[in-house]
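Novice: Sequence:
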Amino acid sequence: MVRRAQPERTCVGCRRRAPASELLRIVAVGDGADLSLRPDPARRLPGRGANMHPDPACFAQAVRRRAFGRALRLTGVPDHGAVAEYIDAPTTTSGQPDRARVASRVGRPT
Numbered sequence: 001m002v003r004r005a006q007p008e009r010t011c012v013g014c015r016r017r018a019p020a021s022e023l024l025r026i027v028a029v030g031d032g033a034d035l036s037l038r039p040d041p042a043r044r045l046p047g048r049g050a051n052m053h054p055d056p057a058c059f060a061q062a063v064r065r066r067a068f069g070r071a072l073r074l075t076g077v078p079d080h081g082a083v084a085e086y087i088d089a090p091t092t093t094s095g096q097p098d099r100a101r102v103a104s105r106v107g108r109p110t
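Everything in the sequence shown is counted per the UniProt record's numbering, starting at 1 for the first residue and increasing by one.
Possibly wrong hints are sitting among the right ones.
[What the hints assert, rightly or not] Distance windows between CB atoms, simulated:
#1 P46 x V2: 30 to 36 Å
#2 R65 x R44: 22 to 28 Å
#3 R3 x A42: 23 to 29 Å
In case anyone wonders, no lab produced these hints; they're calculated from the structure. Every value quoted in this text rests on a predicted model; they were computed, and no experiment measured them. Cβ atoms here follow ideal geometry from the backbone N, Cα and C, with glycine treated the same way.
Could you build the full structure based on these sequences and the hints that come with them?
Specialist: Next comes the structure, spelled out in structure tokens:
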């Protein structure tokens, strides 16, 4: 049996490398002064993405260091409210965020 290497990405918060499956992808939506960051747990939204551990400490570091703007090559300051809500989202018994609740917060249908 042949094992395939998993792609690795760097967390914009703590700067540690981890398999892409363990990181949350963040994309910028909008243009100009109306930029906002959106979580992309399914890794399907178009555009350049930044990766981050789904951990409040990594999120705080990324915001403090202004890492999202550099990683996503943005010129303005994006609104990161949706990502903050996703990171603080209550989890179900499986340990995963409640997808229906998160999708309604992000503005996507379930």
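Novice: For every hint, state whether the structure bears it out.
Specialist: To see whether the hints hold, each was checked on the structure:
no.: 1; hint: P46 x V2: 30 to 36 Å; result: 32 Å, holds
no.: 2; hint: R65 x R44: 22 to 28 Å; result: 27 Å, holds
no.: 3; hint: R3 x A42: 23 to 29 Å; result: 24 Å, holds
Violated hints are absent here; each numbered hint is respected by the structure.
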